[in-house]
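Colleague: Residues per chain are reported as follows:
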Amino acid sequence: MTLELNRSQKLIQKAAWEFARGEFDRDDLLELEKTGKFPKKIWKKAADLGFIGLHFEEKFSGGGLGIFDTLLTAEAFCRKDSSCGMAIMFSGFTGELIMAAGTPDQKKQYLEPLALGKSLCGGAFFEPESGYELSPIRTHAVHEMGTWVITGKKTRVVNGAGADFFPVLCETKEGPGLILVEKNAPGLIITPMGRKLGNTMTPWADLEFDGVKADSNQILGPPGKGLELVKDFLAQARLINAGMALGIAQGAMDRTLSHAKTREQFGRKIATFQHLRHKIADMALKIELARGIAYGAAQAYDNKNKAQVLSAMAMEYACEAAEAVADEAVQIHGGYGYMREGEVEHFYRDAKFLRLFCSNSRLRKDIIADDTLGHLKSANIK
Amino acid sequence: MTLELNRSQKLIQKAAWEFARGEFDRDDLLELEKTGKFPKKIWKKAADLGFIGLHFEEKFSGGGLGIFDTLLTAEAFCRKDSSCGMAIMFSGFTGELIMAAGTPDQKKQYLEPLALGKSLCGGAFFEPESGYELSPIRTHAVHEMGTWVITGKKTRVVNGAGADFFPVLCETKEGPGLILVEKNAPGLIITPMGRKLGNTMTPWADLEFDGVKADSNQILGPPGKGLELVKDFLAQARLINAGMALGIAQGAMDRTLSHAKTREQFGRKIATFQHLRHKIADMALKIELARGIAYGAAQAYDNKNKAQVLSAMAMEYACEAAEAVADEAVQIHGGYGYMREGEVEHFYRDAKFLRLFCSNSRLRKDIIADDTLGHLKSANIK
Amino acid sequence: MEILKFTKAHHDYRERLVSFLAKEVVPLIDQCEATHITPRSMWQAMGKNGFLCPWLEEKYGGQGLDFLYSVIVWEEMTKIHFTGLAAGLHSDVVVPYIHSFAGEAQKRAYLPGCASGEIITAVAMTEPCAGSDVAAMETTAVTHGDEIVINGSKTFISNGINCDLVVLAARNPDITDRHKGISLYLVEDKTPGFSKGTPFEKMGWASQDTTELFFSDCKIPVSHRLGNEGDGFPMLMQKLQQERIVCATGAMFAARTMLDHTLDFCRTRTQAGKALSKHQSVQFALVEMQTEVEILKTFAHTLIRDHMEGHQIIKETSMAKYKMTQMSKEIASRCLDIMGSEAALESHDLPRMFRDTRVTSIFAGTNEIMKSIIAKTLGL
Amino acid sequence: MEILKFTKAHHDYRERLVSFLAKEVVPLIDQCEATHITPRSMWQAMGKNGFLCPWLEEKYGGQGLDFLYSVIVWEEMTKIHFTGLAAGLHSDVVVPYIHSFAGEAQKRAYLPGCASGEIITAVAMTEPCAGSDVAAMETTAVTHGDEIVINGSKTFISNGINCDLVVLAARNPDITDRHKGISLYLVEDKTPGFSKGTPFEKMGWASQDTTELFFSDCKIPVSHRLGNEGDGFPMLMQKLQQERIVCATGAMFAARTMLDHTLDFCRTRTQAGKALSKHQSVQFALVEMQTEVEILKTFAHTLIRDHMEGHQIIKETSMAKYKMTQMSKEIASRCLDIMGSEAALESHDLPRMFRDTRVTSIFAGTNEIMKSIIAKTLGL
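Residue numbers (my numbering), protein chains in the order written: chain B, 1 to 382; chain X, 383 to 764; chain S, 765 to 1144; chain E, 1145 to 1524.
With the rest of the complex left out, here is chain B:
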């Protein structure tokens, strides 16, 4: 490894791996993946042991550690099972937002239950037909007599169908704001989005706000700061995504090594074929590179380097590596790799899906190019 972990990080890594090895039952998870169910039992247990929100504030039942520690946990969980790992790690999704902008009361009410595995949060940031552009925001919130009244639509809401509350990005008089809306707020219609190519254990939803009301104090941070808050949050999410990608790659690699060393064709172990060995070398190199940039980016973030470019790079490359490694894993497994029971097929789907999570290559490259070249005007052709 090119970046050495410190003692505490090594302990976390080991604990997360042991938890996953002990609690992630292969056959149960294949069934959950197939049916698209959230791994509730494992989630509860992970929260009990403190694996959810390792980087949340200790005061609110978080671990008080860094994003790096959460990334290591994501890696270990996804290595054991990509789908379950993703679902468990997304159970803390948006906690960073509440940490960054929440009042103590809000943190007590919303952050703590996340860390304790008592609720899920659905980030309602994106709108139909806008891809992953955050603006323009067509969902409006009007302040009327001490109450926010929200009208509009959100889509691709992570955890949407299982969440207890939603930070909703709304246009307000003061600019973009984030308002916390409870799942049973009148006028809120939650429609599950159905099965996805990957990350099947996390239930996404479409939300419709038909004059939904929220108390004045449900605003998260100052109105007008909503966009910046979400952007910062997404940068952190990308680091955790990079950890997931790393785990997916490593998990696919583990299975491939064990397959290659046991499977025989043409009278010899397939691991003795030079072409296959070089594929394995390519995979190992990709994983090493992904780990280097993911760990480095997380460390930089925890060291107060909040530049978005490293997290965009880390997610971009780790996802690229995960997809390539999982793809080769399927290929090397042959027909068995295409079967559900071969496991690597869902690693492959999860890798592909993760690459599209809350951004895409185009958007991440825009971030990197802006950082490298400066923000020149009119980056598109006439």
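I should point out that these hints are in silico values taken from the structure, not numbers from a laboratory.
Note that the Cβ used here is the ideal one computed from N, Cα and C, for glycine as well.
Heads up, a few of these hints could be off.
Computed list of lysine-lysine pairs in DSS-like fashion (alpha-carbon distance at most 25 Å, straight line) [claimed, not checked]:
id	chain 1	residue 1	chain 2	residue 2
1	X	Lys688	B	Lys10
2	E	Lys1223	E	Lys1441
3	E	Lys1459	S	Lys1061
4	B	Lys34	S	Lys1003
5	X	Lys651	E	Lys1324
6	S	Lys1079	E	Lys1441
7	S	Lys1003	S	Lys823
With the C-beta cut set under 8 Å, the calculated list includes, among others, these residues of chain S facing chain B [said to hold, decoys possible]:
id	residue
8	Arg1033
9	Ser1125
10	Thr1130
Position chains X, S and E against the provided structure of chain B, taking the given hints into account.
Modeller: Positioned in the frame of chain B, the structure of chains X, S and E alone reads:
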């Protein structure tokens, strides 16, 4: 950057960059590159300032620092000019071997002049028709009456046409050994190899040993250990090669950024075209990844992790990145990029050549695969 | 850049197929995907309408049409991305074994049903330990007088549940040579000792009833051997050319279908106030993919032309198989990258196509096997 | 996989060319590479032997042969990788401007010399600030009575030192429209006010006399305008199709030549006791490259066929230009990776081919321009 340098490393980096900026004259170097001449003046000055052999022992005029510091110097020099940077850095080539196995007398006689810029050394390891395989060794050394008598041929001897002495890998009765041979030893025929695709300022040569004699005490390390010594040395060389590659990539990038921000086509700066911006993003990401693995591998080496796999990975990826970045640099420069005066064209050739230096992808992937899969027998098809 | 000459008759046939599929097939696909089985009635409807084995002579119940009609069927089946109704496999991979190698009595007995869809076919080569290494198969066929007794199992068999007739490869255990002991046999469904597994759960091809086949003292008459005893391996190798052309061309059609879908998506979705298709990086990605498809289409059509003319094209077929299936996989991935997670919902078309196409570089000879074959043809 | 029909006459022509090149051209290449100039006598020898403008009608001093003869010349010139004697550029890029657009008097004056090699031609479009953006050119042509006065400069002009006749694009400064003000002119060497620079030092094409051209109150007769005033831009665009086919096909031939060289190398060098070509990873790399070449060869031949038949193939030509030049560059790099640093000595063939091929994705429209054109043809 994903791996933070310490204060001393930052100082070295800065000093090397300032030296290159001050001493590397663009037009002089274009001429030297064209005519294939070693940059003697710059070499002398670099040695005077201590840039040659930063990681050699202080006792013998080295810098007493690590490979990492030499890698940083290679990066800075090659960033300013790939061809000159490579030639200067190769002027310390094989010093590592003498450090590892030399007696104090040998170090005084051979290592110190290298560090002082008073001599060049030509590593005579490879033989005609064997590619970069180190064995079988067809050059034989026989011990007769207190003298080694050497017969055989070596090729692709780095610095060969300008070197004052050569560590020669020979088969002896005790197994592979390294014998130090002076350039004017009777029976030694040195034939310059002519112009190469890249690294044109380093003069390579073919050597023929027709009963060349060397004193008993000219053996470097114990007979029988030659192969291991050369392998260890090449692992270190790969780290320095990775630094060169990094510098080539960064130098090509520097020129591309400045071109893209000034060149106009279709009425606008070309840096505003999205396609070009995304190319720049890809280049920036590749450089970041290369830097991560190169720095990480050098740090690991200096921290006594002598596993060959990281240095193989670092060279493999950094060279891949350098070639890709230099290629895009040529493309983005358009017709000018193809002209000698555009500079990037020799960065591109140097990147390609470096990738073939003392190994190739196949060999490096073998090292990585062996480390990942274990050394299984019969890695080739029947 | 026209290579193949499609006539008005071809065009009319295609039109009929397209409207048949839209009306009678497409509405049922989701159900087939969910249940991992495709109703026999759909096969029969395909047969009744002349979309199975169009090349088969009229005397065997076919229409005696040229090979391009088969190509039309693959192309249109690919456009609706429905793997359960594996017409290409049945019509152009399995039935040709019977047509080429069976005795006249067997041909008269089976071929009309193959064309009508009453008889669904499968070919059984692969075994758990004999994947790329086909000749490692362990299923045995032992002759006792007029009977052949089969023991062993096969896996990853497409049409495995629906099949009425299996072309089975098995070995004579008395012959030690890996290749010379293999023969091909016809085994009917319901033959005692022959049983089927349950459909595999797979990444894709969910409507395809892929399964295992088991043979336990399964007895068939000697007349059910195809061709001469011991000729099985060369027969397989001979027929693999057409099978690989089916796979390669299908993968190319799949790539084009995915790309067409993506072009439509990019023209209608906006980002930052303009159509995705107006963003330069999206345009270039689409252009690169379109170029791949166009170039490989030309190669596929040339390959089909040469195949129809009876040329020896093992090298080119292997190149096509590896390159087109790889392209298809890559295009699936890139299309999703461009469209983003909205298109990764299973309610869209792309996820199924992404999942379906991934197997094409594995089956009918992995791409690594293709490369080994090409290396041989190059004399390496 | 034959697309183009080469007859015995074609074959004989190729044979004659091959032996001519081996005897009269190849021995001189190294000298030309070193001096950055190719002797005019070599052009004349080419012409005398019928290897320039084979397509030109006999009445203009040509042979009236079909386009395949030109293709044969590109292919054989590529095999000896000699860029100085840019026969494709002269015969199939520049001379066609004169043939298509010049008045009969000019045609009679110049074309026989073009075929005999007495007149070497060049086309001058690019300027320092007008590369991909051709229409941004600033060289002016102003009509004064019977004369046209030219001022400005051109750069990166192939055959720039040797050229006797230049097809020059220049703009009427009175017309503001970027495209409508451009016309094409014929400028003879030695015309007062016309001067040439020195050969550029380039990565490759070292034997090619690429240089700048300068025009300072250079006066030519009005009759030296090609076609109508203001039609220059569409004329350039029309002729670019064939230019790009020359480039694309040449790049494909170059790739094949490099690969053939590498195959030979790998068959004769050993590593770890066996031929490099017996190492699986080498085999697969060779196979992958051979597959690329084979597929693009089919595309190139189909493109040439359609071009000969007069089809509109802007999209396919742009695809070919970008894809084949990219492949050629990649194959150059991969071949070196396989062979290692021994093959990177300039005494071997690969370094020159590696250096030469790198420009093909830049000139005659960069690959980025190609992608933009394709995007337009796709309606994006």
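Colleague: Hints first: check each against the structure and report whether it holds.
Modeller: So, going through the hints one by one against the coordinates:
1. Of the pairs offered as hints, the one joining Lys688 of chain X and Lys10 of chain B holds, with about 22 Å between alpha carbons and a cut-off of 25 Å not exceeded.
2. Simply put, Lys1223 of chain E and Lys1441 of chain E have alpha-carbon atoms about 15 Å apart, close enough for the 25 Å limit, and the pair holds.
3. In summary, the hint linking Lys1459 of chain E to Lys1061 of chain S is supported, as the alpha carbons are separated by about 14 Å, within the 25 Å threshold.
4. Among the hinted pairs, Lys34 of chain B with Lys1003 of chain S is inconsistent with the structure: their alpha-carbon atoms are about 36 Å apart, more than 25 Å.
5. The straight-line distance between the Cα atoms of Lys651 of chain X and Lys1324 of chain E is roughly 24 Å, inside the 25 Å bound, and the hint therefore holds.
6. The hinted pair formed by Lys1079 of chain S and Lys1441 of chain E meets the criterion: a straight-line CA distance of about 14 Å does not exceed 25 Å.
7. Taken as a hint, the Lys1003 of chain S and Lys823 of chain S pair is honoured in the structure, with Cα atoms around 23 Å apart against an allowance of 25 Å.
8. The interface hint given for Arg1033 of chain S holds, since its Cβ lies 6 Å from the closest Cβ of chain B, which is under the 8 Å cut-off.
9. Here the hint on Ser1125 of chain S is kept, as its CB sits about 7 Å from the closest CB of chain B, short of 8 Å.
10. The interface hint given for Thr1130 of chain S is met, as the beta carbon of that residue sits about 6 Å from the closest beta carbon of chain B, less than 8 Å.
Hint compliance for this structure: hint 4 is the single one not met.
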